[in-house]
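Asker: Full structure from sequences and hints, please.
Positions in the sequence shown are counted from 1; adding 158 to them yields our numbering.
Hints were generated in silico from the structure; no laboratory data involved. You may find that some hints are simply not true.
[What the hints assert, rightly or not] With beta-carbon atoms standing in for the labels, derived distance ranges:
| # | residue 1 | residue 2 | range |
| --- | --- | --- | --- |
| 1 | Lys396 | Gln701 | 34 to 42 Å |
| 2 | Pro496 | Gln309 | 34 to 42 Å |
| 3 | Lys649 | Ala684 | 28 to 36 Å |
| 4 | Lys710 | Ser668 | 50 to 58 Å |
| 5 | Lys396 | Gln632 | 27 to 35 Å |
Computed from a predicted structure; not experimentally measured. C-beta: ideal position from N, C-alpha, C; glycine also.
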Amino acid sequence: MAESGAVAQGSPAVGAAGSAPAAPGVAGAEGSGAAVGSARIALKKAQLRSSPRAKKLEKLAVYSSCKVRTGSSSASGALVIFVVHSLLLLACTLPDIYCECSQLLRKCILQMGRPAVEALESPPFEKPSIEQGVNNFVQYKFSHLPSKERQTIVELAKMFLNQINYWQLETPSQRRQRVPTDDVAGYKINYTRWLCYCNVPQFCDSLPRYEATQIFGRTLLRSVFTVMRKQLLEQKRKSSEPSSHEDTKKARVIGDIPMELINEVMSTITDPTAMLGPETSLLSAHSARDEAARIEERRGVIEFHVIGNSLNQKPNKKILMWLVGLQNVFSHQLPRMPKEYITRLVFDPKHKTLSLIKDGRVIGGICFRMFPSQGFTEIVFCAVTSNEQVKGYGTHLMNHLKEYHIKHEILNFLTYADEYAIGYFKKQGFSKDIKVPKAKYVGYIKDYEGATLMGCELNPSIPYTEFSVIIKKQKEIIKKLIERKQAQIRKVYPGLSCFKEGVRQIPIESIPGIRETGWKPSHQNAWPFMEPVKKNEAPGYYQVIRFPMDLKTMSERLKSRYYTTRKLFMADMQRIFTNCREYNPPESEYYKCANLLEKFFYTKIKEAGLIDK
159 MAESGAVAQG
169 SPAVGAAGSA
179 PAAPGVAGAE
189 GSGAAVGSAR
199 IALKKAQLRS
209 SPRAKKLEKL
219 AVYSSCKVRT
229 GSSSASGALV
239 IFVVHSLLLL
249 ACTLPDIYCE
259 CSQLLRKCIL
269 QMGRPAVEAL
279 ESPPFEKPSI
289 EQGVNNFVQY
299 KFSHLPSKER
309 QTIVELAKMF
319 LNQINYWQLE
329 TPSQRRQRVP
339 TDDVAGYKIN
349 YTRWLCYCNV
359 PQFCDSLPRY
369 EATQIFGRTL
379 LRSVFTVMRK
389 QLLEQKRKSS
399 EPSSHEDTKK
409 ARVIGDIPME
419 LINEVMSTIT
429 DPTAMLGPET
439 SLLSAHSARD
449 EAARIEERRG
459 VIEFHVIGNS
469 LNQKPNKKIL
479 MWLVGLQNVF
489 SHQLPRMPKE
499 YITRLVFDPK
509 HKTLSLIKDG
519 RVIGGICFRM
529 FPSQGFTEIV
539 FCAVTSNEQV
549 KGYGTHLMNH
559 LKEYHIKHEI
569 LNFLTYADEY
579 AIGYFKKQGF
589 SKDIKVPKAK
599 YVGYIKDYEG
609 ATLMGCELNP
619 SIPYTEFSVI
629 IKKQKEIIKK
639 LIERKQAQIR
649 KVYPGLSCFK
659 EGVRQIPIES
669 IPGIRETGWK
679 PSHQNAWPFM
689 EPVKKNEAPG
699 YYQVIRFPMD
709 LKTMSERLKS
719 RYYTTRKLFM
729 ADMQRIFTNC
739 REYNPPESEY
749 YKCANLLEKF
759 FYTKIKEAGL
769 IDK
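Answerer: Set out below in structure tokens:
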């Protein structure tokens, strides 16, 4: 292929009109345009095929006379050789490919035959094929594995074959530059065969199309495997890399504390020499509920294991002992539940249990059943043995269960809680507000008389087992920031004496020193309107909004005594809400903030008696 028409080597081919595909996983502008072009061609063909016979003959009549200026009976053979010769010379930019296909199809119309590219032999070109070789390899190496693991290997093999079938081969000229010592002549023949039988038929469906893995064998696999493996691993590495800090952090809010100060405080609270104090092995009164359990897990005192019974594998003695221990814990802690019922569910292969192990014995667990197709998990039993309660084990158990489900991409819990368990589940984030649609769980979960259905929606961004540690660190940061701010305030103000004179209340901002501390009142929905809209954050905003307004501009106008009448002030405030609703869609957060702040504004205006109620 000529360099002008070459695509990036090793990128998956797109079933479009031969255009350079976008990078794997990215719908590039070129790739999307090619897809549109391919769809347009397919639509045109479908319309022509559905036309009456007379219309079809009228279309074909344009090409029915021989356009090859030769009296030789070998004209058709020369044409085929010309097509193959052109491809072998790699004079196949997109227009060239279209031209050769057009001539080949014209010849087929003249001869009333099916299109076929000759002089390249007929597929398959090698035996065994790539597909057969991979299947033989899987059967030979992995046939001894259990059915579930073997099926995973089979799926991986299918993915590998699919990658080869849709892989865009590098041109011989690109290969010559990459591997100068390689046998380019052999690769050129295979490349031409791939072009004629696999690539071009993707967008020219009049030509017979074959899967590359079914017509090629070891030779092509060896020539493409190295570069394909390298680029797939590179693609996987890039996709697995976490986003940069700049990409993942939230947008800074106006009035945020400088990052330099945050970093300085962070270095202080994480430095043992800077946080001096009495050493103690006891937890503070303000420690999180799961702090003790987390420390014990870190020391290896307790362990967490997701276990379950299996009918496909030989039972593990330790697992069976743990299941019996769980059955005993649930039976003792849930006396109103029939023991036979507990045993049946604990040993049911469809149910799993997150078990809490201490000193080699079971002291608690959560029995659950996952419904991946419905998007939720039912929590059936949850208990910790009585002499190990009030140690944070229950909270830590639930946090481990949440992280387990986040890994398996199930983000909803449902459970029926009795009157004694409702308090526990509320502390773990459960509520009576069920997020799962009723049609998803009716008929799936077990209903219990006298119990309350509760649900919990998980946030995949939260590390639940470390959540309380993160909150604690945030509190320490805020505490240190407050201490630093207080240290900066040098002036001491006298106490308030107005209350001795009978005054019942005064505005907060009138307290001496309040404004100097940096205090400023702000409504929770006022954040989008604090400053003028930046052009780079809202493209085209100032083309849509002719008279922009914001709270900072209003504050400046207020200080400069611009508002000589009440109507001027209210007009500017109303303009903020109107502009927001005009530029943003109704479902946006900004639109909702405008509505809520407008309601609050007019409530305050009415309370002040500035407008009629």
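Asker: Does each hint fit the structure? Answer for all of them.
Answerer: Checked hints:
no.	hint	result
1	Lys396 <-> Gln701: 34 to 42 Å	37 Å, holds
2	Pro496 <-> Gln309: 34 to 42 Å	37 Å, holds
3	Lys649 <-> Ala684: 28 to 36 Å	29 Å, holds
4	Lys710 <-> Ser668: 50 to 58 Å	23 Å, violated
5	Lys396 <-> Gln632: 27 to 35 Å	32 Å, holds
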